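Enquirer: Sequence:
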Amino acid sequence: MRETEQVSISNAEISFVVHGPVQSMPDRPQDDGITARSIASIREYFPGSPIICSTWRGQPVEGLGADVNVLSDDPGPTVCAFDRYDEPIIRNLDRQAVSVRNGLARVNTRYAVKLRSDNILNSSSLVQVYQKYLRPEVRHDKYAILNQRVLITNYWASEYLRGLKVPFFFCDFIHFGLADDLAHLWDLPPFDDYGWDPALSGTRQHLRYPWPQRCVEQIIYSRLASRAGLCDEIAHKYDQGENVGMTNQKVSDAVLVDNFIVADPDMLSLYVPERLRHKKNYKYYTFKRWEHLFASHHDGFDFDRVYAARRSIIRFFSFIKTGIRTRLRLLFRKARWEIRHRHGRYKGDAGNLH
1 MRETEQVSIS
11 NAEISFVVHG
21 PVQSMPDRPQ
31 DDGITARSIA
41 SIREYFPGSP
51 IICSTWRGQP
61 VEGLGADVNV
71 LSDDPGPTVC
81 AFDRYDEPII
91 RNLDRQAVSV
101 RNGLARVNTR
111 YAVKLRSDNI
121 LNSSSLVQVY
131 QKYLRPEVRH
141 DKYAILNQRV
151 LITNYWASEY
161 LRGLKVPFFF
171 CDFIHFGLAD
181 DLAHLWDLPP
191 FDDYGWDPAL
201 SGTRQHLRYP
211 WPQRCVEQII
221 YSRLASRAGL
231 CDEIAHKYDQ
241 GENVGMTNQK
251 VSDAVLVDNF
261 IVADPDMLSL
271 YVPERLRHKK
281 NYKYYTFKRW
291 EHLFASHHDG
301 FDFDRVYAAR
311 RSIIRFFSFI
321 KTGIRTRLRL
331 LFRKARWEIR
341 HRHGRYKGDA
351 GNLH
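Residues 1 to 354 (the working numbering) make up the sequence shown, in order.
You may find that some hints are simply not true.
Claimed, not checked - Just the calculated beta-carbon pair ranges, DEER-fashion:
#1 11 x 327: 44 to 54 Å
#2 204 x 180: 36 to 46 Å
#3 204 x 275: 37 to 47 Å
#4 227 x 89: 32 to 42 Å
#5 132 x 180: 20 to 30 Å
Unchecked claim - For lysine to aspartate or glutamate, the following DMTMM-like pairs were computed, each having C-alpha atoms within a straight-line distance of at most 20 Å:
#6 142 x 299
#7 237 x 172
#8 334 x 193
#9 142 x 233
It is worth saying that the hints were derived from the structure and are not from the lab.
Every value quoted in this text rests on a predicted model; they were computed, and no experiment measured them.
C-beta atoms are modelled at their ideal positions from N, C-alpha and C, and glycine is treated no differently.
Construct all of the structure, not just a fragment, from the sequences and the given hints.
Expert: Put into structure tokens, the structure is as follows:
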């Protein structure tokens with residue numbers, strides 16, 4: 001790998017925003033005392049770094065050890081869909097965005113770390129990883145949305161689902177970079193609740209029905225690219241856009257390598273509860289995959305060619321096994337949607353399936 005100049009960062013230049021609930025909530029279980037352990041670990045490995053705990057009014061923040069406690073009004077969960085029994089499916093979209101945004105607003109240092117309140121950093125290695133792979137001089141201006149790269153990890157960061165590519169599905173557990181860049185990334189408008197449609201009663205319905213529902217991470221990161229004018233915000237999970245020469249996946253890859261560094265959890269000594277861990281699988285981004293993509297976009301950098309070849313073989317057989325079936329299912333949905341609209345049977349969102 002080609003060597004590049006490293007950036008020097010002291011602990012005093014880094015603020016930590018530990019965000020989210022500090023105890024279990026009805027829709028989000030949490031290990032007892034994990035937020036206090038997370039803050040104590042930051043104190044141990046990052047002495048001199050300010051710590052901001054951003055949570056909700058009524059959460060027990062006394063004794064956690066943060067320098068600043070930011071207590072916001074709880075916006076509540078967001079209704080994203082309804083299941084086939086007409087019961088709401090909720091996600092903590094606004095909760096996450098509000099707690100991160102309000103926490104970052106209190107940062108006065110050049111750099112910031114956004115960390116879930118149920119995650120723990122067990123070393124200071126993220127600084128070394130960030131310094132080593134930041135490479136500020138190796139970026140394409142067109143895709144350099146942020147001022148510098150932001151360090152992320154790869155939990156549930158999926159490049160493929162059911163054998164097909166899914167753009168902009170990057171991890172949002174941890175972000176480390178310039179505070180201004182994190183503030184820009186999390187400058188998100190409120191998420192509206194999806195209203196139940198009686199015409200679709202008995203069906204798993206959501207805003208983009210019948211297209212496959214977008215994942216939360218895809219919304220966050222595709223909005224970042226959309227605001228930069230690189231593509232439209234994706235309409236559904238597999239949306240590749242209408243530009244055949246520059247699909248959403250290609251934009252996604254370029255945005256990933258020029259704005260982020262993907263580090264495996266063990267590189268960061270990052271602990272997450274077992275319920276948040278995924279099994280190793282080709283479909284998830286890894287540091288080696290990021291290196292591969294980086295070398296594909298920038299000359300003069302090496303990558304693990306054995307890993308890349310093995311991954312390509314696995315990906316091919318996965319497409320044969322499940323990708324073709326998923327593709328046919330999407331085509332069937334598109335045909336069914338067009339027929340229903342042609343006959344006026346449903347008046348919902350008529351966005352295209354790309």
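Enquirer: Confirm or reject each hint.
Expert: Hint-by-hint comparison with the structure:
Evaluation of the 44 to 54 Å hint for residue 11 and residue 327 yields a pass: the beta carbon distance comes to about 50 Å. Distance hint check: the CB atoms of residue 204 and residue 180 are about 39 Å apart, consistent with the given range 36 to 46 Å. A C-beta distance of roughly 23 Å is found between residue 204 and residue 275, which places it outside the suggested range of 37 to 47 Å. Between residue 227 and residue 89 the beta carbon distance is about 27 Å. The supplied range of 32 to 42 Å is therefore violated.
Residue 132 and residue 180 have their C-beta atoms about 22 Å apart, which keeps the hinted 20 to 30 Å range intact. A C-alpha spacing of about 17 Å is found between residue 142 and residue 299, which places the hinted pair at or below 20 Å, so the restraint holds. Taking the CA atoms of residue 237 and residue 172, the gap is about 17 Å. The hint holds against a cut of 20 Å. Among the hinted pairs, residue 334 with residue 193 is inconsistent with the structure: their alpha-carbon atoms are about 25 Å apart, more than 20 Å.
For the proposed pair residue 142 and residue 233, the alpha carbon gap of about 17 Å is at most 20 Å, so the pair holds.
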